[in-house]
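To convert, count from 1 in the sequence shown and add 5; that's my numbering.
In short, the hints are calculated from the structure, not lab data.
Do not rely on the hints blindly, as some may be mistaken.
Said to hold, decoys possible - Listed next, the in silico SDA-like pairs over lysine to any residue satisfying Cα-Cα at most 25 Å (straight line):
id: 1; residue 1: Lys82; residue 2: Phe286
id: 2; residue 1: Lys82; residue 2: Leu109
id: 3; residue 1: Lys149; residue 2: Glu192
id: 4; residue 1: Lys82; residue 2: Val119
id: 5; residue 1: Lys113; residue 2: Lys58
id: 6; residue 1: Lys222; residue 2: Leu248
id: 7; residue 1: Lys58; residue 2: Asp86
id: 8; residue 1: Lys298; residue 2: Trp260
id: 9; residue 1: Lys113; residue 2: Leu138
id: 10; residue 1: Lys298; residue 2: Gln55
Stated by the list, open to error - Ranges between beta-carbon positions, derived for each pair:
id: 11; residue 1: Gly166; residue 2: Asp219; range: 23 to 31 Å
id: 12; residue 1: Asp102; residue 2: Lys196; range: 33 to 41 Å
id: 13; residue 1: Gln85; residue 2: Lys196; range: 36 to 44 Å
id: 14; residue 1: Ser186; residue 2: Asp140; range: 21 to 29 Å
id: 15; residue 1: Asp219; residue 2: Leu47; range: 31 to 39 Å
id: 16; residue 1: Phe78; residue 2: Glu244; range: 40 to 48 Å
Every residue, glycine too, gets a C-beta built ideally from N, C-alpha and C.
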Amino acid sequence: MTTKTQSQKLEFDVNQRWQSKGDLPYIQSSSIQGSGIALRSLHYQYILTQKPKVNWFEVLSDNYFCAGGLPLFNLEKIRQDYPVTLHGVGMSLGSTDPLNLDYLTRLKNLAARVEPDLISDHLSWISVSGHYLNDLIPLVYTEKVMDFVASRILQVQEFLGRQILIENPSPYLSFIDSTMSEWEFIEGLVKKADCYLLLDINNLYVNAINNGIDPLKYLDGIPRTRVKQIHLAGYEEKENYLLDTHGYPVHPPVWELYEEALVRFGSVPTLIEWDTDIPSFEVLMAEANKAEKLLQKVSSLMNNE
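Between the sequences and the hints, there should be enough to build the whole structure, so can you do that?
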């Protein structure tokens, strides 16, 4: 990950809206549908040779910032047959460091090459004084922090020329200085920044167990029209907490919470994430098929209402 930090010289009132610009596209509806799978290098050849029936792939954008090389070559080949989204870990939206213009430029260039349907990153920070951390650090939930992060998201969206999605975190601590719940913070943030939400159901469940929050109340507090993508993954059970490892099949309570989310938000495109101890592609397909069945079930119920 690059540590070069340059500031994007843009400032915004957090109440500013894209309508005043008139040249930045809204995410009205996504062209991706159904369940997708996180693209990992282990599966390049299988995908290219077998052409599995996958609706779409999510790409970890930070892994493809070089101007060339085999990973980018394989990505562009796969992109010829499948829609993709870009998901990153390096925006550091909650940091007080200047926005990393080098990082954003690489992301913008990658987006121009692969034409992703959506671009997303995390509601967190990973850098301080130009030094990057190997983790996604949570935020203090206050109006002041909300305004600050919203202004940074507005700058990112202006630079990229498009709206982005932010992903809810899986924090292992909370701050006594917070003046609102996480869902209240997210509700206000997506409105002020005019961005969208990538709702990670596994993160929500891990957060609920570790920090004692009500996951259904959380779902009820999220603006329904702002959820444009969902993540599903597996956690690891520790002695007295859950660890968001993305190294297991989706656990039953996460599937149950996912169905609750679909009832509220509709058939939102859903991704299966698996980042450690990555299994065969067939295992990922089986997980994606489970999500697809639930998506179709909820869609059918809503159409019959």
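Do the hints match the structure? See the list:
This hinted pair checks out: lysine 82 and phenylalanine 286 have alpha carbons roughly 18 Å apart, not beyond 25 Å. At roughly 24 Å between alpha-carbon atoms, lysine 82 and leucine 109 fall within 25 Å of each other, so this suggested pair holds. Taking the CA atoms of lysine 149 and glutamate 192, the gap is near 15 Å; set against the 25 Å cutoff, the hint holds. Straight-line distance between C-alpha atoms of lysine 82 and valine 119 comes to about 10 Å, which keeps the hinted pair within the 25 Å bound.
Taking the CA atoms of lysine 113 and lysine 58, the gap is near 29 Å; set against the 25 Å cutoff, the hint is violated. Proximity of lysine 222 to leucine 248 is assessed by CA-CA distance (about 22 Å); at most 25 Å being required, the pair is judged to hold. The straight-line distance between the Cα atoms of lysine 58 and aspartate 86 is roughly 10 Å, inside the 25 Å bound, and the hint therefore holds. The straight-line distance between the Cα atoms of lysine 298 and tryptophan 260 is roughly 12 Å, inside the 25 Å bound, and the hint therefore holds.
Of the pairs offered as hints, the one joining lysine 113 and leucine 138 holds, with about 23 Å between alpha carbons and a cut-off of 25 Å not exceeded. The straight-line distance between the Cα atoms of lysine 298 and glutamine 55 is roughly 23 Å, inside the 25 Å bound, and the hint therefore holds. The beta-carbon spacing between glycine 166 and aspartate 219, approximately 38 Å, falls outside the hinted interval of 23 to 31 Å. In this structure the hint that aspartate 102 and lysine 196 lie 33 to 41 Å apart at CB is violated, the actual value being about 25 Å.
Judged by the Cβ atoms, the range 36 to 44 Å given for glutamine 85 and lysine 196 holds: they are separated by roughly 37 Å. Between serine 186 and aspartate 140, the C-beta spacing of about 22 Å keeps the proposed range 21 to 29 Å intact. A hinted range of 31 to 39 Å for the beta carbons of aspartate 219 and leucine 47 is consistent with their spacing of about 37 Å. With their beta carbons about 44 Å apart, phenylalanine 78 and glutamate 244 fall inside the hinted range of 40 to 48 Å.
Violated hints for the displayed structure, listed by number in ascending order: 5, 11 and 12.
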